[in-house]
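Engineer: Spelled out from the first residue to the last, the chains are:
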Amino acid sequence: VCIHRVRSCSSIRFIKSKYVCVFDKSALKFSHQQRLFRTSAVSCGQIVQFKLSDIGEGIIEVTVKEWYVKEGDSVSQFDSICEVQSDKASVTITSRYDGIIRKLHYNVDEIAYVGKPLVDIETDASKGVASEDVVETPPMSHEEHTHQEIKGHKTLATPAVRRLAMENNVKLSEVVGTGKDNRILKEDILNYLAKQTGAILPPSPKAEIIPPLPKSETVPAAPKDKAHKIPVPVSRPIVFSGKDKTEPITGFHKAMVKTMSAALKIPHFGYCDEIDLTQLVQLREELKPLAQLRGVKLSFMPFFIKAASLGLLQYPILNASLDESCQNVTYKASHNIGVAMDTEQGLIVPNVKNVQVCSVFEIASELNRLQSLGSAGQLGTNDLTGGTFTLSNIGTIGGTYAKPVILPPEVAIGALGKIQLLPRFNGKGEVFKAQIMNVSWSADHRIIDGATMARFSNLWKSYLENPASMLLDLK
Amino acid sequence: MVLWSSLKSCLQLSCILKTPKADFRSTTSGGLIIQSISNDIYQNLAVEDWIHDHMNLENRQVLFLWRNSPAVVIGRHQNPWQECNLRLMRQKNIKLARRRSGGGTVYHDLGNINLTFFTARKKYERMENLKLIVKALKALCPQLDVHVTDRYDILLDRQFKISGTAAKLGRTTAYHHCTLLCNADKFVLSSVLKTPYKGIKSNATPSVPASVKNLFEEDPSLTCEMLLDAIAEEYATQHQIDHHITLVNPADETVLPGISNKTKELQAWEWVYGKTPKFSVSTCLNMVYKDSVIDVKVDLDVKHGRIEVCNIDLPEQWLPPALCSKLVNSFTGSKFCPNEITTLATTLLRVCPQDDEMHSRWNLLCENMTRLM
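Protein chains in written order, with UniProt numbering: chain A, 1 to 475; chain B, 1 to 373.
Just chain A, same shape as in the assembly (with noise of 0.2 Å):
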């Protein structure tokens, strides 16, 4: 252990004769050393040549593996540098110092060497505060920003943090701080000066400080349902923005782009209605052990995806394709009615083939089927193409009346909303307790007129309020 310390102070010694072995546990020495370093360099940016430092077991080599950092970057004390490997173990180095990163000396995969510079720091004195700022504050108080011993324990903060704990007239004994070694960082000063004030903090993680307001202005705390703290104007309030965050757009992302932008192109009617589904409910509770016995699992979309194939089999154009030019329009015969899922990704629509042959359990089966796939992120692109006609079952997040968009090339698309207990007026005059779920419909105006998804959707409404009706159409 001693050894290597004085291997360390021996490399620094011809950089700066004041500086202190880096492995140097007490921080308060070192803070003090910093200080002295600061005001005796007062307005150059000193290069000081960072050498990797012994990582131990006698290795004196290393692969670098990642800079964190790049030339032209700042870095703060303890700010992460890069990550070099040695023989199965990954080593995180940490910048010593506060500054401007001038020099990489390594490219990635390069072998770097112990004791050889890694990086060229140019150590930086003025931030926006003079360093005759640092000499001028009274020693006892400056104490108290760069160093709390408290029952033993020490405060750590990087120069930038004392200085924002210094213009804001925070103790830093009385942050808690939350970074490595319970390091006090911006955030935790930005917290406690919050509390103080009553100022809601933006939830950014990166907050930015704004030059203070002038003292004249007071800032009135936000109103609080506690009455217990008394809100104090401060004269210096602190204005907080987050940072905007800009990233490409790519992938699934990008394609959603380009099928949004084309659907659009497709002049949309809306038609919308109200069902009640108070018997299909209380069936569905009868079918669903059957169901289970089976080891399906039974929700209302088999019977709201079989109920639509029996109404295309009465209009067939909602179920057909426009071509591009707009100049045939092609009745397709298979149901491949599709089921808009929402994942990680964001939405996809498997489709269940050929609904038209299929029995309500079988659609129930292969939803399952789809299901899982689709939360593992396994659909096959046999799943995923040569839908027809698509349901939204948006209800199950939320909602009543939804406006879908139709996917091309199909030329319909129904949303279907929550299924809410509601009172109704029954034959006789009286109030009795409906299941009524509502359903927007979006078709293509081009090729369908209002008359014929009223009709289809009077027919599949009607399916659904008395499911008895669908065994006389079953095929």
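Derived from the structure by calculation, the hints contain no laboratory data.
Only a predicted model underlies this, so the values are computations on that prediction, with no experimental measurement involved.
Some hints could be false.
[As the list claims (entries may be wrong)] Below, in silico cross-link-like pairs of lysine-lysine (DSSO-like), each with a Cα-Cα straight-line distance of 30 Å or less:
#1 B:Lys122 <-> A:Lys254
#2 A:Lys353 <-> B:Lys297
#3 A:Lys103 <-> B:Lys303
#4 B:Lys297 <-> A:Lys254
#5 A:Lys353 <-> B:Lys326
#6 A:Lys243 <-> A:Lys103
#7 A:Lys245 <-> B:Lys92
#8 A:Lys243 <-> B:Lys278
#9 A:Lys461 <-> A:Lys288
#10 B:Lys326 <-> A:Lys70
#11 A:Lys245 <-> B:Lys297
#12 B:Lys290 <-> A:Lys70
#13 B:Lys326 <-> A:Lys332
#14 A:Lys297 <-> B:Lys95
#15 A:Lys245 <-> B:Lys264
#16 B:Lys122 <-> A:Lys116
#17 A:Lys103 <-> B:Lys278
#18 A:Lys265 <-> B:Lys326
#19 B:Lys123 <-> A:Lys254
#20 A:Lys70 <-> B:Lys297
#21 A:Lys288 <-> B:Lys92
#22 A:Lys332 <-> B:Lys290
#23 A:Lys254 <-> B:Lys278
Go by the hints and put chain B onto chain A.
Structural biologist: This is chain B only, laid out in the frame that chain A set:
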């Protein structure tokens, strides 16, 4: 023998976090043994991160014991496509995790135990830890022929690897962790650790394959619990502390504040796949289409887990050139992930001319492309 206690009732860890020096009087000298109650690889790796970042290990050392449900764990700088059969793992629901330490790829299941030795950076010493394990094994089972190699492996009968090692060094703390095969599924292990992907050129750290054996095969009476116990006992002896194992719940924010963020980071695609060093794929797809085989040359550059450059050499007019370039263009910037490629290609198909023949060719090409991922 073994004393168990819930971490909440024993204030040790929270004391360590808040006032490191103040607590030293209340704990016995320099050692702590903790065991995770979770079998989730991400949660357990997060505990390692948490201890590494938040515990003061100047005067104490920690031994962390953990086991995971089936998972493949790659080293910090490795390429999962080079190391394991991702396709098979997806089918079998075997998770993929990237740890923060270096080294090679390992397979975990409940028949494998993991040991992490936390020390101050200066006290980082892998050999000592491995010798401790060997000593514990020999105490438990004297006829075992186990020894430590200079590559920090533990070999059984001089030829079978039963333990792999890796380490992580930070500014003030370090940890050395290793596996130990008690009763793992060797069949699954060998099938998932064999990559089917061809044509990959990469500077990522390669794994060194080795023949493995379970300790259970030498002595059928051995269980994971016995091994954990024996090692904890030896650690307690060597550190002169009570043989007392504290249980840790990696989902408990009150004891480990910030742990759920660490878990999320480790689960994120950007970490698991996105941290793969730049690599290229140069291969040939042999697509079977209507009684003939179409050879398609594919060249991809993948950076941060995303396709940076994509070249697909299709036979002339097999797909209309406009469509082909549309597809290639959409691949660029996309994640090198079969799900991403499938969903983007099928979505894009909606705005292409509606021609069944063309659609089936498009789908075929996509399916073959996803087989590379």
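Engineer: If a hint holds in the structure, say so; if it does not, say that too.
Structural biologist: Hint by hint, here is what the structure shows:
1. B:Lys122 <-> A:Lys254: violated, 50 Å
2. A:Lys353 <-> B:Lys297: Distance of about 33 Å is beyond 30 Å: violated.
3. A:Lys103 <-> B:Lys303: holds, 24 Å
4. B:Lys297 <-> A:Lys254: holds, 25 Å
5. A:Lys353 <-> B:Lys326: At roughly 27 Å apart (the allowed maximum being 30 Å), lysine 326 (chain B) and lysine 353 (chain A) satisfy the hint.
6. A:Lys243 <-> A:Lys103: holds, 27 Å
7. A:Lys245 <-> B:Lys92: Violated. Lysine 245 (chain A) to lysine 92 (chain B) sits at ~37 Å, over the 30 Å cutoff.
8. A:Lys243 <-> B:Lys278: Judged against 30 Å, a Cα distance of about 29 Å means the pair holds.
9. A:Lys461 <-> A:Lys288: holds, 22 Å
10. B:Lys326 <-> A:Lys70: Roughly 35 Å between the alpha carbons, so the hint for lysine 326 (chain B) and lysine 70 (chain A) is violated.
11. A:Lys245 <-> B:Lys297: violated, 37 Å
12. B:Lys290 <-> A:Lys70: Violated. Lysine 290 (chain B) to lysine 70 (chain A) sits at ~53 Å, over the 30 Å cutoff.
13. B:Lys326 <-> A:Lys332: holds, 27 Å
14. A:Lys297 <-> B:Lys95: Measuring from Cα to Cα gives roughly 26 Å; hence the hint holds.
15. A:Lys245 <-> B:Lys264: Answer holds: lysine 245 (chain A) to lysine 264 (chain B) is near 20 Å, not above 30 Å.
16. B:Lys122 <-> A:Lys116: Holds, because 20 Å separates the two Cα atoms, which is no more than 30 Å.
17. A:Lys103 <-> B:Lys278: The hint holds at about 22 Å.
18. A:Lys265 <-> B:Lys326: holds, 20 Å
19. B:Lys123 <-> A:Lys254: violated, 51 Å
20. A:Lys70 <-> B:Lys297: It is violated: about 36 Å lies between the C-alpha atoms, which goes past 30 Å.
21. A:Lys288 <-> B:Lys92: With a Cα-Cα distance of about 29 Å, the restraint between lysine 288 (chain A) and lysine 92 (chain B) holds, given a limit of 30 Å.
22. A:Lys332 <-> B:Lys290: Answer holds: lysine 332 (chain A) to lysine 290 (chain B) is near 24 Å, not above 30 Å.
23. A:Lys254 <-> B:Lys278: holds, 23 Å
Violated hints, listed in ascending order, are 1, 2, 7, 10, 11, 12, 19, 20; each of the other numbered hints is respected by the structure.
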